[in-house]
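S.K.: Hey, can you work out the whole structure from these sequences and the hints?
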Amino acid sequence: MNSNTPPSTSVAAGSVDPSAARRNSKRPKCNLLSLAHCISAIPRFFGFRFPEKMMPDLRFTVHPAGTSSLQANSDTAMGLIQLPLSVQVISAFLLVSIVFIPIGVASLLASHDVVEIVDRYDTACIPDSARNDKVNYIQSPGNKTCTRNITVTKHMKKPIYVYYQLDNFYQNHRRYVKSRSDAQLRSNGSADDVSSCEPEDKSNGQPIVPCGLIAWSLFNDTYDFSRNGQQLSLNKKGISWKSDREHKFGKNVFPRNFQNGSLIGGGSLTDSLPLSEQEDLIVWMRTAALPTFRKLYGKIEDDLQVNDVVMVTLENRYNTYSFNGKKKLVLSTASWLGGKNDFLGIAYLTVGGLCFFLAMVFTVVYLVKPRKLGDPSYLSWNRNPGWH
Amino acid sequence: MAGGGRTRKRKLHFSKIYSFGRGKVASKDDLSHIGSAGFSRVVYCNEPDSAEAGIRNYASNYIRSTKYTVASFLPKALFEQFRRVANFYFLVTGLLSFSPLAPYSAVSAIFPLIIVVGATMVKEGIEDWQRKQQDIEVNNRKILVHKERGTFAPTEWRHLTVGDIVKVEKDEFFPADLLLLSSTYEDAVCYVETMNLDGETNLKLKQALDVTSHLQEDGDFGDFRAVIKCEDPNANLYTFVGSMEFEHQQFPLSPQQLLLRDSKLRNTDYVYGAVVFTGDDTKVRQNSTAPPSKRSSIERKMDKIIYLMFFMMFLLAFIGSIFFGVDTKDDLKNGRMKRWYLRPDSTTVFFDPDRAPLAAVLRFLTAVMLFSYFIPISLYVSIEIVKVLQSLFINRDIHMYYEETDKPAHARTSNLNEELGQVDTILSDKTGTLTCNSMEFIKCSIGGTAYGRGITEVERAIGRMKGSPLDNDDGNAEISRGARPLVKGFNFSDERIMNGKWVNEAHADVIQRFFRVLALCHTAIPDVDENSGNVSYEAESPDEAAFVIAARELGFEFFNRTQTSISVHEFDKNTGRKVERVYQLLNVIEFNSVRKRMSVIVRDEEGQLLLLCKGADSVMFKRLARNGRQFEKETMEHVNEYANAGLRTLLLAYRELDEEEYARFSEKFNEAKSAVSADRDALMDSVTETVEKNLILLGATAVEDKLQNGVPDCIDKLAQAGIKIWVLTGDKMETAINIGFACSLLRQGMRQIIIGLETPEIQALEKTGDKSSIIKASKDSVIRQITEGMFLVNSSKGNSSDASALIIDGKSLTYALEDDVKDMFLQLAVGCASVICCRSSPKQKALVTRLVKDGTKKTTLAIGDGANDVGMLQEADIGIGISGVEGMQAVMSSDIAIAQFCYLERLLLVHGHWCYRRITSMICFFFYKNILFGFSIFLYDIYTSFSAQPAYNDWFMSLYNVFFTSLPPIALGVFDQDVSARFCLKFPILYQEGVQNVLFSWRRIISWMFNGFLSATIIFFFCMKAFEHQAFNNDGKPASLDIFGATMYTIIVWVANLQMAISISYFTLIQHIFIWGSVGLWYLFLVLYGAISPNSSTTAYKVFVETLAPTPSFWIVILLAMITPLMPYFTYSSIQMRFFPRYHEMVQLIRHDGRSEDIEFCEMVRQRSIRPTTVGSSARLAAKRSERERQAEDTNGYHSR
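First to last, the protein sequences are chains R and P. Each residue of the first sequence is one higher than the last, beginning at 1 in full-length UniProt numbering. Each residue of the second sequence is one higher than the last, beginning at 1 in full-length UniProt numbering.
Keep in mind that the hints were calculated from the coordinates and are not lab data. Beta carbons are placed, not taken as given, at the ideal position from N, Cα and C, and that holds for glycine. Mixed in with the good hints, there may be bad ones.
[To be verified] With a cut-off of at most 30 Å between alpha-carbon atoms, the simulated DSS-like pairs for lysine-lysine come out as follows:
{"#": "1", "chain 1": "P", "residue 1": "K333", "chain 2": "R", "residue 2": "K202"}
{"#": "2", "chain 1": "P", "residue 1": "K264", "chain 2": "P", "residue 2": "K329"}
{"#": "3", "chain 1": "R", "residue 1": "K144", "chain 2": "P", "residue 2": "K333"}
{"#": "4", "chain 1": "P", "residue 1": "K811", "chain 2": "R", "residue 2": "K202"}
{"#": "5", "chain 1": "R", "residue 1": "K326", "chain 2": "P", "residue 2": "K338"}
[As the list claims (entries may be wrong)] From the derived model, a few chain P residues whose C-beta atoms are all more than 10 Å from chain R:
{"#": "6", "residue": "G38"}
{"#": "7", "residue": "S65"}
{"#": "8", "residue": "F73"}
{"#": "9", "residue": "I110"}
{"#": "10", "residue": "G118"}
{"#": "11", "residue": "T161"}
{"#": "12", "residue": "F224"}
{"#": "13", "residue": "V326"}
{"#": "14", "residue": "N560"}
{"#": "15", "residue": "T575"}
{"#": "16", "residue": "R664"}
{"#": "17", "residue": "L792"}
{"#": "18", "residue": "N794"}
{"#": "19", "residue": "K1025"}
{"#": "20", "residue": "T1124"}
{"#": "21", "residue": "M1137"}
M.R.: Next comes the structure, spelled out in C-alpha cells:
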C-alpha cells in the first residue's frame, strides 16, 4: 500500500506560500461519515458472528504532511479475540442447542400438563331422521336441545376453559373481516357509520347496531353444564380482552335493529345491555386468524375429578352444516404457555437436536480431519473458475 | 509577456509570426450566405435603444443549467420517477388502492411510494439546487459594459444583451460570445485560454479587424456604431461566418475575431468586444450535451430480476384467483348458500358467485396489489443512496490523492461503482496515461557525438530484463526514483558540454548552432519573473518546452519574444561570457502532423539569413543537402539507439539563405498565406518546400517520455488480477513497443505478432497511386497476417511460457476493423497476452473499444487523458480520465477521474471489488427480504380461501420496506467488505470474482430467492402450528388474527435483520445501530401505534402491551421462528466455508484462524492465487525462473546419465 503513497514533494518553481496552498487543498479530509467510521472501530461487542470482522481500512483521516504512518498494522490488532472460524461455527450451533433443548422440554411439559377434552357434536346433535338434510333441520324452527355426556379422563384444575371450535369457517375472509364498523361499535354518535357493513348495514331504513356480517353471524349455540345432576356454574365474565371491552365496544352503545332483517344470521343480543358487556359478541368479533378456530365460551370455576361425567345441555342452533363445518365443544385447562399443543416443544427439541448434531459433526470433522490447507483440491479457483 | 504589455506598447505584429492554421479567413463563398437562412443574425453594436435592435428578440445572457425550474420540477421529476417500471407499477397499485378493490387502505399504500419517490426527488432537488447556485453565481458575475458617452459600468452577466460593448480585463472570463474589436496591443491581438472549451492549456491568439484596432480607450466608444451580420447560433467552435459594416464599408469576419464564452483572457490587459451571441446561443452552451448515461451490467441484470419477480407475483396472483373463483362460485348453488355468513346472495361484484369469473379477475387485481411486496419498492432509491456514499469513499480515499497536483480521485458518476469490480479488459492510452507527458531532455547527438549520461526508465527496464539479477528490481527502482531531475523537463547531464565546456569540443561551431536552433526554432512564449529574473516558458507541447529549457540550461537562454524578434542570452564562445543577442524573426513555418517539421527564418546580428529547422527523421534525412550529410551515419545510429531506448527523437538542421532567395520565398509565402481558396494548405506546403531543403544536419535530440509513477507495478498487479491490458496509442510502432517493454506488457521470449503494411509490395503499389488496388492488397495482406497470427497463437495454446503479443499499426487497423475482418481480428487479439495498437486515430480507439465491448460481452474500461481519448472513454463501459496536464477534456467526458494511472490498482482491486460485492449483496438481500415478506402474505392468503386478506395491519405492511428493513441493507451497501484493502491488493486474483460475476450469478440470486421462500414457509408454518387453535396464554384466550399477524410480522422483521447480521462480513458501529435499531424501531412503533385511538390503529390497538408482551408463548414462538429460518443459510455457508471455500473465504480464513502469523500458509494461499500470468513483471520473473529451472534440469539430467 505504501508504494502508492503520494510523494510529498511539491512543485517548487514559483509556487505561492505553501501553507496557503494547503489550506485550499482538495486533500480528502475527515468528514461526518468517516468520523462515524472511525468511532465504529472502537466497540466490538458482537462477538458471535459467522464471517469475520475487520478493522476498517478506509480511514480518511488527515495525516500530517510527509508522514507515512498509515494504518498498516490494523490487521493484527484484533487477532487476540478472534476465534478460529470453525470454533465459531461449532459454538453457534452448540449455543442454539443449549438454549433450545431446555425450552423444548419445558414447553412439552407445559403442554402435557394441560388436560383437554374435545367433543364433536355437530352430527351427533341432529336426530337420525334429519341427518339427510342437516341444513333444512337447522334452519327449520323447533326445539334443538341436545344432551352430551363428557367423561373426565384426568383431573382438571380450575379454571376450566370452555370453548366452541368451528371448522372450515372463514372468519378471515376479506369480505367478512371488513364487514364491520369500528366507529359504530365505539360510540353512540356513529350509529350511522355503516358504509362498510353491506349488506347488513341497514334494516327497514334504520342502521343496524352492531352492523356487518361478523356481528350478524354471531355464534349462538349455548351450553349448560351439570355434574351429577348438579349445575356447574359457568363464568362468562372476562372471556374477552380488556382493551376490547373498554375501548373498542362502547359503554353507551346498545344494540338496535339487530337481527331484524329478512334473513336471520346467527344469535341475537340483549337490547338492554351495552355492547361492552356483551362479551360473547366481543369474543366473536375478534376475528380468528385461521379457518379452524376456537373461541372462549366461558370458564368453569370448579375442579373436575377423574371419571366425573359432565352433562352438557346444548342448544344446537348455529348453522355450520351448509358449509360442512364441524362444531366441537372443548374443555381445557391452561398452563403458563396456554393450551395443549405439543408443536412448540417438538419443534424446539428438533431444531435444538439438529443443531447439536451439526455441532458434533463439525467438531468431529474439525478434530479428526483438520483441513489440509495445502491441499489444492479445495482451492479450485484456477481449475474451475465458474465454480459458484 | 505577462505584466509587460502595457508598458511597452510597441508596434507589435504577431500576425507575422503566426503564418497560417489559426482559422481561415472566410471565403467569398461563405460570405454570400449572409442574410439567408441560417445566417440571419444582425447585431447593432452599441445601439441598445435602437428600434431595429428592439425587434430582434435574441436570447438573454441568462443561463440555466438546471434540469428543472420551480414550475417544471414536480411534473418533470415525477415523470422521470414513474418511467421506471417498478415505480410505475407502484403508482398504478397506489391509484387502484383508492378503489374498493384494495386489500388495504389507500393511505398506507401510497405512503411508502411517497417516501421513496419523495426521497429520490429530494435528492434530485438538492443536486439541481447546487447547479442553480452555480448558475446564480455565473449569472451575477460583473462585467464592464458601455453605458453612454464612453463610460463603462459594471453590470451583471445576465443583463448583457446582443450588441453591447464590453470591456474584459486580464484573467476574466468572457461573458458571452464576443466579437473582438480591439485590445491593449496595437494590432489588436489577445491571448485566450480555452481550457473550458477543448481542454487545451496552450494559449490561442485572436486578432481583431484592423479597422477597429484603434479603439483603445473607453472614450472611443461614445459614438461607435457598427452592424454585424453573421450566422445563426450553432455548436461548431471553430467556424464563424459574418461580416461587419463599419463606416459604410463591409469587412469579412472569421473565427479569428470571435471570443468564446467560458474562455479566459490571458496575457492581455484588456480587450473590447461586441456581444454577438448571448446565453444559450453561445457556442459553448450549444455544445453542452449531457454525457451519455451509462448503466452498469448489474443494474441491467437487476431489471431482469425485477421482471422475474413480476412474473412470479402475477403467477401467484393468477393461481390464487382460480381457487378464489372456484370457491366463490360454490357459495351459491340453486339458491342455497354455502358460506351463508358471507351473504353470497346479496353481494358486490367482487364476491358475486353468479359472476365468479369476473370476481376472480377483480381479485387478481387485488392480489397484484397485495403481492406488491414482492417488488422491493425502495431498491432503486437505496441503490442510489449507497452509490453516492460509495463515491464519497472513492473521492475521499487518501491513497488515491495525488499531492503534487492536489487532485483526489473524483467519481463523476456514481452509476458505475460496481462495474469497477468487473473489468475484464483495460484499454489504455499511452501518452499522459502510462507516461507522464512530461518530456525530459535527456540525450542528444551533436556533430556525430552522443552526449547525455542519463539512463532512461526503459533502458533500465531492458537492462533488468537482460539478465541483471532478478531479485533486486525494487532496489533499482528506488534509486532511480531518488534521482529526480532538479529542473523540470531537463534530465541531461554531461560534463563535456555543460557549463560552457562545449567550446572545447571538436565541433564547437556545430554545437553552437545546435543550441541556437534549440533556442530559436519554436513558438514558446517566455515569462520572466521580474524579481528573480528566472525565465519560464509557455509552449504548445511539452517537447517544445523541453527544448527551450534545455537551451536555457545549456547556456542559450531565450528570454524575450516580440513579433519581430527573439532575444537570447548566449554564451559567447570567444569571450566566455553571456551576451544578449537579438535575432530578427522573419517567418515561422509551423509544425503539423503532415509536415512533421517546423522551421523559423531569422536574421542574425550579422545580417545573415538563417533557416532553422527541426523535424522527424523520416522527413529530415531526405531534405539534407549533399554537403550537409557529414554526420548522417552516426546521427542515424544514435537516433535508432534512442528510439530503442523509448525516446522521442527529432533531427535539427539549418540552412543559410541568401537575400534573393528569401525575397522570392517571402513574396510567394505571403501570397499563399492570403489565399482564400481551399487548396491554400497545399499551396503553402509547396512554397515552404522550396526553402526547407538542402539542409545541413546538426544533430538529434532525444526526449524521454517519462513513465508515470508505479506504472509497471500497477500493470503487474492488474495482470495478476486477470485483467487484460491493451494499449492504444497514436505513437509510432517503435516507441509503442518500447513503452510496452518498459511497463512489462512485452518481454523477451514473447512471440510478437506484428501486423503492419510497411511491406515492400504495398509501398511499391502506393507509388503507383492506384487507390483501389492499394486497398485490396492492403486488406488481403492484413487478413493474411491475422490468419498467420491465429495459427501461431493456436499452436501454443495452453502454454503460458510462450505467450504472444499483438502489435498492429493504425493503417492495418483500418482494415482489421472492417466488418468482415473484425471478428477474426478480435479472436486473434483475445488470444494474445498483450495487444498494442499504435498510430491509431481517436476514432479507431473508439472503434477498437466498441469491438472489444461488443465482441467479448465483457466489461471494458478505457483510460486516457487527452481529447483524443474522449471517444474511447465514452464508448467503453467505464471511462477513466486522468486529470493530468493535458487539460480537462478527457476528465469531462469520463466517468471517474484519477490523477495517476497507478491509482487504477486501488480503484479496481479495492474499491471496485468492494463496490461490486456490496451492491450485489445488497440487491440479493433486497430480493430476499421482499420474498420473505411477500411470500408470507401469499401463504396466509391460502388460508383465507384466497380472498386476498393480509394477516398484517395495513401500516405494518407499508412500513416494512420503508422503516424496518431499509437501513441495514444500505449499511451493507456502504460498509461491508469481505477482506481488507490490504488483502485485496495482496491477493489480486480475488478480483476475478467480479469479472466472472460469481456474486451475481443466477445461481446466487436464485439461491437467495429460494432462501427467502424457505424462510417465509418456515415462519408461516411455525406460526400457524404454534397458534393453531388452542389457548395462547394462561388466561385461556386463543390467538386471533391480530395476534397472529403481529407475531408473524415481528418474526419477519427479526429474521430479515438477523439474516443481514449473519451475512455481513464486516461490522461497524453503524451496522449495529441500523440492524438492532430497525428491530427496536419495530417494537417502538408497535407500542406507539397501538397506543393511539383504535379508530386509527384498528387491529394493532394495544396488541403489544396487552396481548403479546405479557405472554410467554409469544416470546417462545419468536425465538423459535427467528432462529430456525436462519439455520439453512448458516449451515450452508458453514459447509461451504469449510469444504468448498471461495477465494475470498480462503483469504478470510488466513486472518481468522490466526494464520496471519503463519507465513508459510499465507504464502501457500498466495501462491495459489497467483495464476500463471502472461504479462507483467511477475510473468517476466516466472519466465526467467522456469528458464533457469529447465537449464538446471538439463544439467542434472546430463549428470545423472
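S.K.: So, for every hint listed, does it hold in this structure?
M.R.: How the hints compare with the structure:
1. The hinted pair formed by K333/P and K202/R meets the criterion: a straight-line CA distance of about 26 Å does not exceed 30 Å.
2. Proximity of K264/P to K329/P is assessed by CA-CA distance (about 80 Å); at most 30 Å being required, the pair is judged violated.
3. Proximity of K144/R to K333/P is assessed by CA-CA distance (about 26 Å); at most 30 Å being required, the pair is judged to hold.
4. Among the hinted pairs, K811/P with K202/R is inconsistent with the structure: their alpha-carbon atoms are about 90 Å apart, more than 30 Å.
5. As the CA atoms of K326/R and K338/P are separated by approximately 14 Å, the hinted pair is consistent with the 30 Å bound.
6. At roughly 44 Å, the least C-beta separation between G38/P and chain R is larger than 10 Å, which holds for a residue marked as non-interface.
7. The beta carbon of S65/P sits about 22 Å from the closest Cβ of chain R, which is more than 10 Å, so the claim that it is off the interface holds.
8. No Cβ of chain R comes within 10 Å of the Cβ of F73/P; the nearest lies about 28 Å off, and the non-interface call holds.
9. With a least beta-carbon separation of about 19 Å from chain R, I110/P lies farther than 10 Å from that chain, consistent with its non-interface assignment.
10. For G118/P, the condition that its CB be more than 10 Å from all CB atoms of chain R holds, with the nearest at approximately 23 Å.
11. No Cβ of chain R comes within 10 Å of the Cβ of T161/P; the nearest lies about 36 Å off, and the non-interface call holds.
12. Taking the minimum C-beta to C-beta distance to chain R, about 40 Å, the non-interface status of F224/P holds against the 10 Å cut.
13. Every CB of chain R lies more than 10 Å from the CB of V326/P, the least distance being 14 Å, so the non-interface label holds.
14. The Cβ of N560/P lies farther than 10 Å from every Cβ of chain R, with a closest approach of about 18 Å, so its non-interface assignment holds.
15. Chain R leaves T575/P outside its interface by the beta-carbon criterion, the shortest separation being 30 Å against a cut-off of 10 Å.
16. Consistency note on R664/P: stated as away from chain R, and its beta-carbon is indeed over 10 Å from all of that chain's, at 45 Å minimum.
17. A cut-off of 10 Å between C-beta atoms confirms that L792/P is not in contact with chain R; the least separation is 25 Å.
18. Distance check on N794/P: its Cβ is at least 21 Å (rounded) from any Cβ of chain R, clearing the 10 Å threshold; non-interface status holds.
19. Not every Cβ of chain R is farther than 10 Å from the Cβ of K1025/P; the closest lies at roughly 4 Å, contradicting the non-interface assignment.
20. Look at T1124/P: its CB is around 5 Å from the nearest CB on chain R, not clear of 10 Å, so calling it non-interface is violated.
21. Look at M1137/P: its CB is around 7 Å from the nearest CB on chain R, not clear of 10 Å, so calling it non-interface is violated.
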